[in-house]
Amino acid sequence: MLYRQLVVELKRACTKKNLLLWFSMIVLLPAIRFFMISKGYEFYKPVEVFQETVSGIIPLLFPAIAMIVYLPSFLQEQRNHFIAYTRPRVPLHIYIMSKGLMNALLTGAVTFLLTFFPFIFIMYVENHLGMIHYSSLNENMHIPAVTFSQFLRYGEFVYGLVYSVWVAINGVLYSTIAFMLLLNISNPFIALSLPFLFYHIFNFVTALFDIPMFSPLSTIFPFNIEQQPLWTVLVPFLFLLVVSVTLFVFSIRNENEWMI
Amino acid sequence: MTTIISLRNVSKSYKGITLFENINLDIEKGQIYGIVGPNGSGKSVLFKMICGFVFPDEGTIVVDGIEIGRSKRFPHNIGVIIDRPGYIANKTGFQNLKELAMIRGEISDEKIIQTMEQVGLQPNAKQKVKHYSLGMKQKLAIAQAIMEDQQILVLDEPFNALDAESVDIIRRLLLSFKHEGRTILLTSHHQEDIDILCDHVFRINRYQLEPVVPMKH
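Here the protein sequences line up with chains A and B, keeping their order.
Mapping to my numbering: the first sequence position 224 is 224, numbers consecutive.
Mapping to my numbering: the second sequence position 141 is 141, numbers consecutive.
The following block holds chain A by itself, in its conformation from the complex (with noise of 0.2 Å):
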């Protein structure tokens, strides 16, 4: 049952707005900070065009990013009381588990495509196309290395399908949690700005007090810091895991005050 009813979310979701915003979130958002780029910038290498591409302003509102792919039609649901008139039609507990589902699918694999689809596009097609400039490396020059070029060692291409794993799983973390709160507090509001409240608040904090290489964005965009281990990054990942999980189960026993 509920397989069935994911189908029947999938086909729901794949309305012509839907994927036309989907669309722009891939293709857009990257491409614009790459024409912002593509002049005025020394590039040596191509990863560094992608490093650059997916900084900017895919970092700052990045869970905002993850709660838009599909959120804003669970919340229409809600808020009209479209849910009540499923309940005939599909148990609840069903239809809530195929909503988080398809939102964590959908999340997943349009924060995927935001960093892959650059990087797949930089990497092997820019440079045929020619619209960088890249400056030669001389022996003196030394390219600073960010965190998870530890995977370049394993080449280009396992760096950026591993890194853009990395973008998406922590877009459906975010995404679910704002899911979660939905589902649990009165108001949506709120519900969808804490998650991006936790993000920069926690960002300024690790500022503060100067470990910057446990701040939500530098785990998941880590170009603005020197290279970390890997370790560092699961630090704030953790974290939101355990909240995630914490939620999950707060769910289940408040089932008779979702917010439906």
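The hints are simulated quantities; they were obtained by calculation from the structure and are not laboratory data.
Treat each hint with caution, since some may be false.
[To be verified] Straight line, CA to CA, 27 Å or less: simulated DSS-like cross-link-like pairs of lysine-lysine:
1) Lys130/B - Lys98/B
2) Lys17/A - Lys126/B
3) Lys11/A - Lys126/B
4) Lys130/B - Lys11/A
5) Lys91/B - Lys17/A
6) Lys17/A - Lys128/B
7) Lys111/B - Lys130/B
8) Lys98/B - Lys126/B
9) Lys16/A - Lys128/B
10) Lys91/B - Lys111/B
11) Lys98/B - Lys178/B
12) Lys91/B - Lys128/B
13) Lys16/A - Lys91/B
14) Lys128/B - Lys111/B
15) Lys111/B - Lys29/B
16) Lys126/B - Lys16/A
17) Lys98/B - Lys111/B
18) Lys16/A - Lys98/B
19) Lys130/B - Lys17/A
20) Lys17/A - Lys111/B
21) Lys11/A - Lys91/B
22) Lys126/B - Lys91/B
23) Lys130/B - Lys91/B
24) Lys130/B - Lys16/A
25) Lys128/B - Lys98/B
26) Lys111/B - Lys178/B
27) Lys111/B - Lys126/B
28) Lys111/B - Lys11/A
29) Lys98/B - Lys11/A
30) Lys128/B - Lys11/A
31) Lys16/A - Lys111/B
32) Lys178/B - Lys29/B
33) Lys17/A - Lys98/B
Since chain A is already given, all that's left is putting chain B on it; use the hints.
Showing chain B alone in chain A's frame:
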């Protein structure tokens, strides 16, 4: 006559307020039942228990031979209006019904169109539901409750916000469903609806369901 819904020794409290104490009720197939009572007397909670949306504190509810409880959350073939119309505001009436119909996947677009026309909505209108009047939203709620040919209809205030002509259309529709053998439970604050439609009427009084002699026209 076949009993299609049976409540046995059902008790229910909601947020510390006792609503029902040991009520018993048998609903027969192909009949229209009216439940009346003042605001807050528990009409909606009674309907929610029959639909499996909430469970009784004590007692059993059997619908179409199956006990509603943890193992069977809701009866299969039931159409419901409870509390207020539910909809997705930025979609059209047709899109709303289509999205609900997709869940079971039992009916075609033509059936949705036919149902919308039956209740007095224009299926091809591009108007989004957020621009619907209250009466149109109510018709949409009725449409979703009947579009899959549900054999049991549980309708809480189905005539809310409807104009006189629409009330007449829906009354005739419900009577035709009764003649088809469908079972209908409804509430209404208008005695005329109860008088015209209902074969049996129960009043909620002091946590009990008391039969009232219907004034059928």
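Each hint, compared with the structure:
For the suggested pair Lys130/B and Lys98/B, the alpha carbons sit about 17 Å apart, so the restraint of at most 27 Å is met. With a C-alpha separation of about 16 Å, the suggested pairing of Lys17/A with Lys126/B holds against the 27 Å cut-off. Between Lys11/A and Lys126/B, the direct Cα distance comes to roughly 21 Å. Compliance with the 27 Å bound is thereby established for this hinted pair. At most 27 Å may separate the alpha-carbon atoms for a hinted pair to count; Lys130/B and Lys11/A meet this at roughly 23 Å.
A threshold of 27 Å between alpha carbons decides the hint, and for Lys91/B with Lys17/A the separation of about 12 Å falls inside it, so the pair holds. Under the criterion of a C-alpha separation no larger than 27 Å, the hint pairing Lys17/A with Lys128/B is consistent with the structure, at around 15 Å. A distance of roughly 23 Å separates the Cα atoms of Lys111/B and Lys130/B; the hinted pair therefore holds under the 27 Å criterion. About 14 Å separates the Cα atoms of Lys98/B and Lys126/B, which keeps this hinted pair within 27 Å; it holds.
For a cut-off of 27 Å, the pair hint linking Lys16/A to Lys128/B stands: about 16 Å separates their Cα positions. A C-alpha spacing of about 19 Å is found between Lys91/B and Lys111/B, which places the hinted pair at or below 27 Å, so the restraint holds. Of the supplied pair hints, the one linking Lys98/B and Lys178/B holds, its CA atoms being roughly 25 Å apart against a limit of 27 Å. Proximity of Lys91/B to Lys128/B is assessed by CA-CA distance (about 5 Å); at most 27 Å being required, the pair is judged to hold.
Taking the CA atoms of Lys16/A and Lys91/B, the gap is near 13 Å; set against the 27 Å cutoff, the hint holds. Between Lys128/B and Lys111/B the alpha-carbon distance is near 20 Å, which keeps this suggested pair within the 27 Å criterion. This hinted pair checks out: Lys111/B and Lys29/B have alpha carbons roughly 24 Å apart, not beyond 27 Å. The straight-line distance between the Cα atoms of Lys126/B and Lys16/A is roughly 16 Å, inside the 27 Å bound, and the hint therefore holds.
For the hint pairing Lys98/B with Lys111/B, the CA-to-CA distance comes to about 10 Å; that is within 27 Å, so the pair holds. Pair hint Lys16/A plus Lys98/B holds up; C-alpha atoms about 16 Å apart against a cutoff of 27 Å. A distance of roughly 18 Å separates the Cα atoms of Lys130/B and Lys17/A; the hinted pair therefore holds under the 27 Å criterion. Proposed proximity of Lys17/A and Lys111/B is supported: the alpha carbons are some 26 Å apart, at most 27 Å.
Note on Lys11/A and Lys91/B: the hinted pairing holds, with a Cα-Cα distance of about 15 Å set against a maximum of 27 Å. This hinted pair checks out: Lys126/B and Lys91/B have alpha carbons roughly 9 Å apart, not beyond 27 Å. Using a Cα cut-off of 27 Å, the hinted pair Lys130/B and Lys91/B holds, with the two alpha carbons roughly 8 Å apart. Between Lys130/B and Lys16/A, the direct Cα distance comes to roughly 20 Å. Compliance with the 27 Å bound is thereby established for this hinted pair.
With a CA separation close to 14 Å, the supplied pair Lys128/B and Lys98/B stays within the 27 Å bound. Taking the CA atoms of Lys111/B and Lys178/B, the gap is near 20 Å; set against the 27 Å cutoff, the hint holds. In summary, the hint linking Lys111/B to Lys126/B is supported, as the alpha carbons are separated by about 18 Å, within the 27 Å threshold. Taken as a hint, the Lys111/B and Lys11/A pair is honoured in the structure, with Cα atoms around 20 Å apart against an allowance of 27 Å.
With a C-alpha separation of about 11 Å, the suggested pair Lys98/B and Lys11/A falls inside the 27 Å cut-off, and the hint holds. At roughly 20 Å between alpha-carbon atoms, Lys128/B and Lys11/A fall within 27 Å of each other, so this suggested pair holds. Note on Lys16/A and Lys111/B: the hinted pairing holds, with a Cα-Cα distance of about 24 Å set against a maximum of 27 Å. For the given pair, Lys178/B sits about 9 Å from Lys29/B by alpha-carbon distance, which is consistent with the 27 Å threshold.
In summary, the hint linking Lys17/A to Lys98/B is supported, as the alpha carbons are separated by about 17 Å, within the 27 Å threshold.
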